[in-house]
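All residue numbers in the sequence shown are consecutive under my numbering, ending with 320.
Treat the hints with care, since some could be wrong.
Only pairs whose alpha carbons sit at most 20 Å apart, straight line, appear in this in silico EDC-like list of lysine to aspartate or glutamate [said to hold, decoys possible]:
hint : residue 1 : residue 2
1    : K303      : E138
2    : K303      : E246
3    : K263      : D174
4    : K263      : E213
5    : K192      : D174
6    : K263      : E138
7    : K315      : E23
8    : K315      : D275
9    : K263      : E246
10   : K315      : E129
11   : K303      : D275
12   : K263      : E212
13   : K303      : E145
14   : K315      : E145
15   : K263      : D173
16   : K192      : D173
17   : K192      : E297
18   : K192      : D170
19   : K303      : D270
20   : K303      : E147
21   : K263      : E109
22   : K303      : E129
Just so you know, the hints here were simulated from the structure itself, not pulled from any lab data.
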Amino acid sequence: MREYTFYQVDAFTETIFTGNPAGVVPHADGLTEIQMQAIARELNNSETAFLLSATSSDHDVWVRYFTPTREVPICGHATIAAHYVYAVENNIFSTIRVQRTQVGNLPVETVRGNGSYEIIMTQGEIEFFEPFADRMVQRIVNAVGIVPDDIRDDCPIQIVSTGHSKVMVGVKDAAMLDNLAPDFTRLAQISEEIGCNGYFIFAINPPGSATLTTGRMFAPAIGINEDPVTGNANGPLGAYLVKHGLVEHDGQYLDYYGAQGAHINRPGQVHVMVDIEDNQPVKVRVGGRAVIAFKSTFSL
């Protein structure tokens with residue numbers, strides 16, 4: 021039998037028991053896929069990241085992500101958590117590491133400052149799907165628990181991906197997020213039809229707010245009724261905001277913070293950075309801080 025260390029890390033926050041919790045197994049070589057899935061199910065976080073040795077010279081680490089029920093291609097908050105653990109274990113200053121994932125090799129930057137680390141991950145290729153037809157829009161709106169009049173006229177309901185896709189649903193006011201009543205069974209059924217497991221319901225906050233956006237993310241199709249703080253929702257949202265001209269920017273760069281998680285008492289913030297060319301988003305990065313809640317070991 022071999023002993024493995026695992027961490028429980030709260031990502032997109034510096035306050036313990038807030039943000040989005042992720043499991044991290046930093047030295048996962050030797051574990052089988054079946055064992056990784058069993059560990060993720062036991063830890064029961066929305067995602068657990070397993071760090072494996074590089075398999076070629078074009079990356080520094082191989083990261084695999086598992087929900088309690090299946091492997092997923094990438095996960096924002098678990099990436100923040102995984103590289104935070106690496107930084108703490110190795111007491112690094114600042115660095116860029118390339119990680120292998122199911123959506124390709126992606127650089128992750130670790131920046132040390134003010135006694136902590138910000139982890140900044142480059143997300144995958146930006147992809148916009150065609151907006152949904154009226155009938156599907158109505159089904160999604162009903163399943164989320166809102167009415168069509170709640171939707172912003174300038175926000176088409178569509179799938180956007182930066183490696184892991186989400187359905188974008190823009191509502192007129194952040195207060196509407198307080199009263200959502202999602203039907204998780206219906207959302208999961210729709211996910212099977214549209215090939216997208218997550219729904220990000222968001223609002224653009226008034227000028228002068230602490231964050232530019234506020235959102236809630238539901239993914240019952242993969243066993244996550246509501247995710248506290250989601251890098252792979254806030255990242256695609258940044259591209260969506262630029263694509264549809266919903267916020268002001270300097271024509272080259274959009275840099276802002278998005279809030280999520282307060283509705284389930286796990287508030288956190290995602291730092292979103294979008295590179296822009298010809299008024300179109302060309303690259304998305306998301307950043308965040310983290311805190312270790314606890315660490316332990318298991319033997320297999």
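Each hint tested on the structure:
1. K303 x E138: The given pair, whose Cα atoms are some 19 Å apart, holds under the 20 Å limit.
2. K303 x E246: It is violated: about 27 Å lies between the C-alpha atoms, which goes past 20 Å.
3. K263 x D174: holds (11 Å)
4. K263 x E213: Status violated; Cα separation ~25 Å.
5. K192 x D174: holds (10 Å)
6. K263 x E138: violated (27 Å)
7. K315 x E23: Distance ~13 Å between K315 and E23 Cα, so the pair holds.
8. K315 x D275: Violated: K315 and D275 sit about 33 Å apart, past 20 Å.
9. K263 x E246: Violated, at roughly 26 Å.
10. K315 x E129: Distance of about 23 Å is beyond 20 Å: violated.
11. K303 x D275: Status holds; Cα separation ~12 Å.
12. K263 x E212: violated (26 Å)
13. K303 x E145: holds (7 Å)
14. K315 x E145: violated (34 Å)
15. K263 x D173: holds (15 Å)
16. K192 x D173: holds (9 Å)
17. K192 x E297: violated (28 Å)
18. K192 x D170: It holds: about 6 Å lies between the C-alpha atoms, which stays within 20 Å.
19. K303 x D270: Given pair K303, D270 holds - Cα atoms ~15 Å apart, limit 20 Å.
20. K303 x E147: With Cα atoms ~11 Å apart, K303 and E147 stay inside 20 Å; holds.
21. K263 x E109: Distance ~39 Å between K263 and E109 Cα, so the pair is violated.
22. K303 x E129: holds (15 Å)
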